Amino acid sequence: MWKELGLNLEGHDQLLAILGKAYKDIYMSQENRPKAMQYFDFVISEAHGLRIKELMETKKKGNKVIGTFCVYVPEEMILAVGGTCVGLCAGAEIGIDEAEKVLPRNTCALIKSFMGFKLAGLCPYIQASDLVVGETTCDGKKKAYEILNDYKETYVVEIPQMKTQRDRTLWRGEVVQFKEKIEEISGKKITPENLRAGIKIANNKRRALQRLSALRKAVPVPISGLDGLLVNQIAFYDDPLRFTKSVNALCDELDERIKKGIGVTKNGIPRILISGSPMALPNWKIPFIVETSGAIVVAEESCVGERSTRDLVYETGNTLDGMIDAIVDRYFKIDCACFTPNVERTDHILDLAKEFKADGVIHYSIQFCTPYTVEAYKVEKAVQKAGIPFLKIETDYGMEDMGQWKTRIEAFLEIARG
Amino acid sequence: MKAAGIDIGSRMIKLVVVERETIIHSLITDTTHDPLEQCKKLMAQTSFDKILATGYGRHFFETEFDVTTVTEIKAFARGAKTLFPNCRTILDIGGQDTKAIALDEKGSVSKFEMNDRCAAGTGMFLEVIAKTLGYGLEEFGKEALGADGNIQINSMCTVFAQSEVTSLLAKRQKREAIARGIHMAILNRTLSLLKRISTTPDIVFAGGVARNSCLRYLLGQALGCQVRVPEDPQIIGAYGAAIIAKDSGK
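First to last, the sequence lines map onto chains D and Y.
The first sequence stops at residue 418 when you use my numbering, and every number in between is there.
The second sequence stops at residue 668 when you use my numbering, and every number in between is there.
Mixed in with the good hints there might be a few duds.
[As the list claims (entries may be wrong)] Taking CB as the label site, the calculated pair distances span:
(1) Y:GLY552 with D:GLU31: 52 to 58 Å
(2) Y:GLN570 with D:MET402: 22 to 28 Å
(3) D:ASP167 with Y:THR486: 53 to 59 Å
(4) D:GLU10 with Y:THR618: 57 to 63 Å
(5) D:LEU170 with Y:MET574: 43 to 49 Å
(6) D:GLN161 with Y:GLU482: 52 to 58 Å
(7) Y:ASP484 with D:SER29: 16 to 22 Å
(8) Y:GLY552 with D:LYS152: 56 to 62 Å
(9) D:LEU16 with Y:ASP665: 47 to 53 Å
(10) Y:ASP665 with D:LYS21: 38 to 44 Å
(11) Y:VAL577 with D:MET402: 50 to 56 Å
Just so you know, these hints were derived from the structure itself, not from any lab.
Bear in mind the structure is a predicted one, so any value in this text is a computation, not a measurement.
Even for Gly, the Cβ is constructed at its ideal location relative to N, Cα and C.
The whole structure should be built from the sequences, with the hints applied where relevant.
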């Protein structure tokens, strides 16, 4: 199967060995984890195994696999034609030498990572994809997709930069064009019936993740931030129906914990909200430092987190046009830092900090991610005005600055403890 | 009760023992390749009832001796506040890092920032450049202070600044003026860090680099106020840790 996918087998084996060790050190060393996390441990262990096999099987049946990098891609439409939407590998420092042959060194780690994974032949998901969908959320990605397209067909969705009526019109046009692209590639028509079914699957997945998020508001918190993040990361590539069921099973167990007052750590430790750039699998760097420094992460205001799960698509539409409008409106609410102005995001951060009783906000931006590194200033001002301790972090996927960030995070937690 | 604080820095390990708030013993040694052994040597030279660790090496110390730790930020804050009750801003320039800390009226840390990944503008930087110019460390500051010219240095990267200095020397530029330029470069970098955090007096300047007379003078001039430098600026972290240990009651 791996040969059929054109993977770099030796490099892939090395990658799996490194990931396996990192997972063991970071995840399996956690104490008092919910039993239902076993499912997610299993999914991780089979991320480059059974899950790929499943994708190959669905492809044999004539269904399409669509690879994505962003929460703006309307998954509902992919599901409507029986396709599978997978988030592509972009969270590890892999194939950097290869990536730097085609990209400037001062490119954000996420972009370098997806390019590196592709050029080094190490991401089975992109290999299995029938189409890669990019989007214009930042200049780095936008230009990098032109290069990626030389190696793998990349269809780019234009994301507006403002939220006026004109921008909505543009966005609607993009969604309709995306629908046509999906119809073309799958050879199947999107109908009110199959789109309704697609909307339902995607919404149910979001509902399960919203339920998980709400349970993390409890005092004491029943699940670690690392595990909460992991579930959100897995949401991007697991089978949506099985995933939704497993998240709900996890939530049932957490409900029980909350009823009995069981926390995953001792009570009274600082509760931290992480806000900013996406933490793509297996980027666990900052939550790992936070949670091994005597604090707990209660929420992620991030595309891998609240930003991708907060809003549902209205399920009331009966006509195809009505459903498309509902999809357009839902995605148009996403408060990515690529928009200007983007006050909704600051408001959401303050709301989350309040709802989750956060003792501190850590703003995480991937180095060279201009939208988030710049927006951090506005966020800092608002969070400090609300009297909540704030720490700004800018870093890449490398491990060489772990010691320095540990000192800064520990000092920040000393402040957050009051 | 005798309480101790140990500050395991990148270049030096400092151990301070206090009784109430008075320093009764203060020791310092190089960190070397074997910081644990160096810590043991220091501890063997004194006695105390309890100890608390800070500095980048605090975690190995915590594992080895099962003691509590605090970050350098908190230790410096406490140390400076105890010595200078009106302290609102702390600048610490150590061997490999620079930090600026803002304190509220009560002495709690309200904001802090540390330099990025590299050692630009730290003690290490001064050491390398002093050596390139053929100065000892004490002499370096003194000569720069007495210089009648100032040659602008553009690089803050230790490696680039060193090659810039080498080429200035090749152009037969006066080394005092180059020395002054190096101090000006560190000053400007430090000021921009302080302005992001706080410049509210009293400003306490600590860390090994606070022993540099030229930088002390330039900082005072630029900030328009007296910069307070502890008698022994290198031990403020260890002193703060000792005070926290004393108060922790454990």
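Hints, one by one, checked against the model:
Distance hint check for Y:GLY552 and D:GLU31: the Cβ-Cβ separation is about 57 Å, which falls inside the suggested range of 52 to 58 Å. Here the CB-CB span from Y:GLN570 to D:MET402 is close to 36 Å, at odds with the stated 22 to 28 Å. A C-beta distance of roughly 54 Å is found between D:ASP167 and Y:THR486, which places it inside the suggested range of 53 to 59 Å. For the pair D:GLU10 and Y:THR618, the beta carbons lie near 58 Å from each other, so the given range of 57 to 63 Å is met.
Here the CB-CB span from D:LEU170 to Y:MET574 is close to 44 Å, well matched to the stated 43 to 49 Å. Separation of D:GLN161 from Y:GLU482 is about 54 Å and conforms to the stated range, judged on CB atoms against 52 to 58 Å. With their beta carbons about 20 Å apart, Y:ASP484 and D:SER29 fall inside the hinted range of 16 to 22 Å. Remark: the range hint 56 to 62 Å for Y:GLY552 to D:LYS152 is upheld by a beta-carbon distance near 58 Å.
The hinted range of 47 to 53 Å is satisfied by D:LEU16 and Y:ASP665, whose Cβ atoms lie roughly 50 Å apart. Checked against the hint of 38 to 44 Å, the C-beta distance between Y:ASP665 and D:LYS21 comes to roughly 41 Å, which is consistent with it. Between Y:VAL577 and D:MET402 the CB atoms are about 23 Å apart, so this pair departs from the stated range of 50 to 56 Å.
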